[in-house]
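Asker: The chain contents come next:
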Amino acid sequence: MPSDGQRDIGGMAVAAVMIVIGLVFLWDTTNLVDSDSVVFPRTVIFGMILFSIMFIVWNFLRPSGADTEGVQGGSTPRRIGLVAAMLGCAFLMPYTGFLLSGLAAFMVIMLLAMHEGWTRGRLIVYPLIGLAVVLGFYGLFAKALLVPLPEAPFL
Amino acid sequence: MLPGIDFLFTALTPFHIALALGGVIAGTVIGALPGLTATMAIAVLVPLTFYMPPASALILMGAIYTGAIYGGAYAAILLNTPGTPSAIATTFDGFPMAKRGDGDLAVTLACLASVTGGFIGAAFLLGLAPPLARVALAFGPVEYFWLALFGLTLISALSEGSLMKGLIGGCFGLLLACIGVAEVSSDIRFTFGSQTLLGGIEIVSALIGLYCVPVLIDMVATPARHLQVSGESRGFRLNEALRISLKSKLNLIRSSVVGTLVGILPGAGGSIAGLVAYSEARRTSKRRERFGTGEPEGIQATESANNATVGGGFIPTLVLGIPGTPPDAVILGALLVQGVRTGPHLFTAGEGSIVYTFIYGLFLATALMLPTGLLIGRYAYRTIVTVPKALLVPTIAFMTVIGTFAIRNNVSDVAIMIILGVMGWTLNRFGFRPSPIVLGLILSSIAEQGFVQGWTIGAATENLMGMFFGRPIAIAIIAFMLLSLFYPLIARRLRFNREEAGAK
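For the record, the sequence lines run as chains G and R.
Counting with this note's numbering, you get residues 1 to 155 for the letters of the first sequence.
Counting with this note's numbering, you get residues 1001 to 1504 for the letters of the second sequence.
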C-alpha cells in the first residue's frame, strides 16, 4: 500500500531504467532503413520516456507514497535456486536431452520447495511421484502430441 | 422456427454425443495446461477427423475448441497463469478470489459464464451468420488500430496504485513485442545481434513467464499454502454461483455479445474479446472499485466473452472462408481437406446439413461443458489445494518449461520465459504490475499493423485525417474508448452534482 508523503525511490529507479532502455532502443531504430518499421516503435519509445520522466518529476515535486513491496519474507536462496534450476534445465536440454534435464530440475526444485521434514516415506514416495510426472508429461508431449523434445545425443 | 431444426436430431446421435463429450473433456484438460493452446489441441487431433463425415469432424473440433477455451480458466484462477491467452483477464479477479479461499466458487462461476457465452455465440452463428459476416468485411486496418487502442485503455483499470506506472508498463510491453522481425516491413528490430531474439517474444511464453514464474518464486520461498483452504467441503457451490450469475445476467449477456462480435473480426481472438468485455463490465459495474481484487463480475465477463468467440469466430470462417480466430484457421484447413467449400451457400436449405448439424453439435458440446467442467474444475481445485508444495512447485515449473518449449520447439523461448518471469517478479516489487505489460505485448502487433497500413493508405489517398477519424466504425470505437477512459470521471462529477443538489 502506498505510504503518503514518501518518495517512491524504487519506482523512480525503475522509471530511470526504462528511460535508459528507451534510449538504447531509440538508438537501435537509427539502423532501420524502412520508415514503416520505425514509426510505431519510436512513438512507443517517446511515450515510455515521457511517462517515465513525468513519473520521476511528479515524485520529486509531490510525493504521494511508495507503492513498493520489497522482498516480503521467505527464503531468497530458495528463490534464486528455483530460477537457477529452471534456467539450468533450459540450457542443459540440448546436451542432456529433455528427459534427463527435466528430471534433474524436478528433483532440485522438489528439494527447494520442501519446507517440512523428510520422512522415510516421503523420501521414497516423492521422487517416485516426480519420476511419474516427468515421464507422464514426456509421454504426452513426445509420443501423443508429437512434440520433438530434445533427445540426449549419447543415448 | 429455428433454422435447420431438422438437423437437431442428426446432431444428437450417440456417436455425436460421444464425440462432443470426448472433445470437451480433451479440450478442457489441454486448455488447462499452460502452453497448450486451443489451436494446438485442434491441430494435433485434426488427422483423426479425416476419417469422419464433415459434420462429425466439425462437432469434434468445435467441442475441443470450446473445452480448451474454458479449460484455460483453471490455471488462470488457481495458478495465476492463463492456460490459454483467452483467459488473461480471468487472472485479474480469479486468482485473488482463489487466494482468499473462493477458488471453488470462481471455477464454478467461470463454468457457468463459459456455458452462457458458448450458447449465445452459437445462437448468433445459428441465426445471424450471413449478415454478421459482412460486419467483418467492414473492418479495415484503421478500425483494428482503434480496437487495439481501445484494449489498451484497460491499462487505466489494471494500474493498481499508479496510472503512470501502468502506462510505463504498457509501453514496455508494446516495445517488447516489437523485438524480432517487423510486422509490416520485415526489418529486424531490437535484437542487438542476438540470434535468440530473432524470432521475437512468443506471447504465450511471455504470459507464462510474467504470470506463473513470479507465483512459483514466491511459492518456493515460504512454507505457507499459496491458496487459502476452507476446513469443510463446500461442494461445487453451484447455488451460490447461480445466484451471483442471475444477479449479473446483464453483464453475462453483454459480455457474450461483445465476445461474439470480437470473435467475428479475423485475427482479434478470445484474448481481446475477454479484455474488451472486462473493460465494459468494469465501466458499467456499481462495484468497479472491486475489480482486480476478486470481483466475480470480472470472471463472468471474461469467461462468457472468450467462449462466445467460438461461435462468433465460426461466422466468417463458414460464410466467408476467413478464419475469425487461429483455431478456426486449423478447422478451415481440415474442412478444405474434406472437400467442403465454405460460403453463404452452406446456410441455404439445400446444403445446410453439414453446417446446421455442426451448430447443434456446438450447442450440445456447450451443454456438456456444464457437468464435465464442474467435475474437472472441482478435481483441479482439490488437487491444487491439497498437493504438498514439494510436489506442486516442481510439477508446475516442469509444466511451464515443457509447455513453453512445445509452442515453437525452441529452447530459447524457455530461457526468455524464465527471464521475463524474474523481470516480472522484480517489477512487481516496485509496483509495476504484469497486466499492463501483457496488454502491450498482445495488442502491439494489431496496433502496429493497423497504424502503418492505415497511414500508408491515408498518405496515398492524401486523406490521413479522414482515414483515421472519418470512418463510421472508427468513430464508434473512438467514442467507446473515450467513454471507457472518462466515464469514471463523468460519473463522479454527476454524483457530486447530485449530492450537492440534494444538500441544497
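It should be emphasised that the hints constitute simulated quantities derived from the structure, not laboratory data.
It is possible that part of the hints are untrue.
Stated by the list, open to error - Per label pair, the in silico range of CB-to-CB distance:
#	chain 1	residue 1	chain 2	residue 2	range
1	G	S35	R	R1341	34 to 44 Å
2	R	L1242	G	N31	55 to 65 Å
3	G	Q6	R	R1492	23 to 33 Å
4	G	G136	R	T1191	53 to 63 Å
5	G	A152	R	R1382	32 to 42 Å
6	G	R120	R	L1250	36 to 46 Å
7	G	G136	R	R1290	10 to 20 Å
Stated by the list, open to error - Here are some chain G residues the structure puts well away from chain R; computed CB gaps all over 12 Å:
#	residue
8	R122
9	A152
10	P153
All residues carry an ideal CB built from backbone N, CA and C; glycine is no exception.
Asker: All the hints need checking, so say for each whether the structure fits it.
Answerer: Okay, the hints, checked on the actual structure:
1. A C-beta distance of roughly 41 Å is found between G/S35 and R/R1341, which places it inside the suggested range of 34 to 44 Å.
2. A hinted range of 55 to 65 Å for the beta carbons of R/L1242 and G/N31 is consistent with their spacing of about 59 Å.
3. Checked against the given bound of 23 to 33 Å, the beta carbons of G/Q6 and R/R1492, roughly 27 Å apart, stay inside it.
4. Taking the beta carbon of each, G/G136 and R/T1191 are about 37 Å apart, not inside 53 to 63 Å as hinted.
5. Our hint of 32 to 42 Å for G/A152 and R/R1382 holds, since their Cβ atoms are close to 37 Å apart.
6. Our hint of 36 to 46 Å for G/R120 and R/L1250 is violated, since their Cβ atoms are close to 58 Å apart.
7. The hinted range of 10 to 20 Å is not satisfied by G/G136 and R/R1290, whose Cβ atoms lie roughly 40 Å apart.
8. The beta carbon of G/R122 sits about 8 Å from the closest Cβ of chain R, which is not more than 12 Å, so the claim that it is off the interface is violated.
9. Residue placement check: G/A152 keeps its beta carbon more than 12 Å from all beta carbons of chain R (closest about 14 Å).
10. In this structure G/P153 is separated from chain R by more than 12 Å, as the shortest Cβ-Cβ distance comes to about 14 Å.
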